[in-house]
Each structure stands twice: as structure tokens, then as C-alpha cells.
Amino acid sequence: MGFLDRVSQLMTSDIDLLLDGAGDPEHAIGQLIGDMEASIVDLRRVTVNAVARQNRLRKQLFAAEGAASRIECEATMALDRGEERRARQVVAREIGVLKARDACARELEDADRLSARLVANLVRMEDRVQVARRKRAEIVRRQRAVETVTPAPATGSGAFAAYAQAVGALEVEAEATRERCASPAGSGCCLAKVDGDLEGGGRC
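Residues 1100 to 1303, numbered by the numbering used here, are exactly what the sequence shown covers, in order.
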């Protein structure tokens, strides 16, 4: 696929359709923008070269037309002086100059068309990049909105974990108290108090 064909494909591709089939739309449109920006750099370089060639051909055509005019005047003057042989030589030389002039004119026409196409493509591609950038901003904005309204499960989970940890600490403390009461040194402990603390209000 040629360079201009790739540029044309980027300009005519359906951005929305491309994003619909992408698993990560933000990454996909970022890659598309990168491809477009790289194509713009290449397109500018090609356009500059085409315009430079166009200007060179225009100068060559101007020079060829001047040479053809001078040769025609020389042929006319030779005929006026009756120098037919000289006039024929000049006319033969003029034919070659005219052929070169016509060829240059055709090349210039092609160069004009190519330059016009390149400039138009460059403008369209730059507009296309702006559209893609707005799409990316819209995707990012929607994604941030979804992240904002989605409840964060970490808060509830953290509160439950803290509660479970506190209950576990109480259970460990109660078990240690029971063991002390069961030992001969701690025979005067009140087991009812231990159980009451766990249940929320026991007394000896």
C-alpha cells in the first residue's frame, strides 16, 4: 500500500466503528492519533518536496518558453534576410525546444494536481486529528465519571475488617482470662464476668 493510500485510509476510517470493536477504546484512539500525527509529519515532508518540484518546473517552463520565443524571432529574421538554410536550421532547433517546453508543461500540470491533492489531504488530516483528540477527551471524561459514581467497596470492607479484628481481640482476651481462672492460682476469678464482657454486660 502506497503512502497516499495509507493517508486516505486514515482519513476515511470510521472512528466510532473502530472504537466499538476495541477492548480498550482509550488506548485504541491514542494509537490512532499517533498514526495520524506520524502521517501528518510525512505528509508535510512530501508536500514540501512536491511544491518545490512544482516551482522548479514552473521556472523550467518559463525558461523554455523564453527560448522558444527567441528561436522563433531568429528564424523570422533569417527568412527576412533570405537565409533559408539558416532559417531551416533554426526551425529544427526550435522544434526540439518546443517539445521540451510541452513536456515540461505536462509535468507541471501533474505536479500542480499532486500538490493540490497533498495540501488538501494535509488539511483534512489535521482536522481529522482534532476530531480524534476530542473523541479521546470524551472517552476519558466518561471513564472518569464512571469511576467517580462507582461505590468503592474498600470502605465497607475496611470497616468490617476492623470490627472483626476487634471481636477477635476480645475473644483472645476472654480465652486468656478463662485459662487463668481455671488454674489453681486464679481460682477466685469470676467466669461470669468474662462471658458477660463478650456478650456486652455480665456481672459477678
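In short, the hints are calculated from the structure, not lab data.
Glycine residues also receive a C-beta, built at the ideal position from the N, C-alpha and C atoms.
Any given hint could be a false lead.
Claimed, not checked - Restraint ranges, calculated between C-beta atoms of paired labels, are given here:
| # | residue 1 | residue 2 | range |
| --- | --- | --- | --- |
| 1 | Gln-1108 | Glu-1171 | 43 to 51 Å |
| 2 | Glu-1171 | Val-1230 | 24 to 32 Å |
| 3 | Ala-1151 | Gln-1108 | 38 to 46 Å |
| 4 | Arg-1212 | Arg-1105 | 52 to 60 Å |
| 5 | Leu-1116 | Lys-1198 | 50 to 58 Å |
| 6 | Asp-1141 | Val-1245 | 31 to 39 Å |
| 7 | Arg-1155 | Ile-1194 | 47 to 55 Å |
| 8 | Ala-1202 | Glu-1125 | 52 to 60 Å |
Verification of the hints:
no., hint, in the structure
1, Gln-1108 to Glu-1171: 43 to 51 Å, "50 Å, holds"
2, Glu-1171 to Val-1230: 24 to 32 Å, "55 Å, violated"
3, Ala-1151 to Gln-1108: 38 to 46 Å, "26 Å, violated"
4, Arg-1212 to Arg-1105: 52 to 60 Å, "20 Å, violated"
5, Leu-1116 to Lys-1198: 50 to 58 Å, "52 Å, holds"
6, Asp-1141 to Val-1245: 31 to 39 Å, "37 Å, holds"
7, Arg-1155 to Ile-1194: 47 to 55 Å, "24 Å, violated"
8, Ala-1202 to Glu-1125: 52 to 60 Å, "53 Å, holds"
Checked against the numbered hints above, the structure violates hints 2, 3, 4, 7; every other hint is satisfied.
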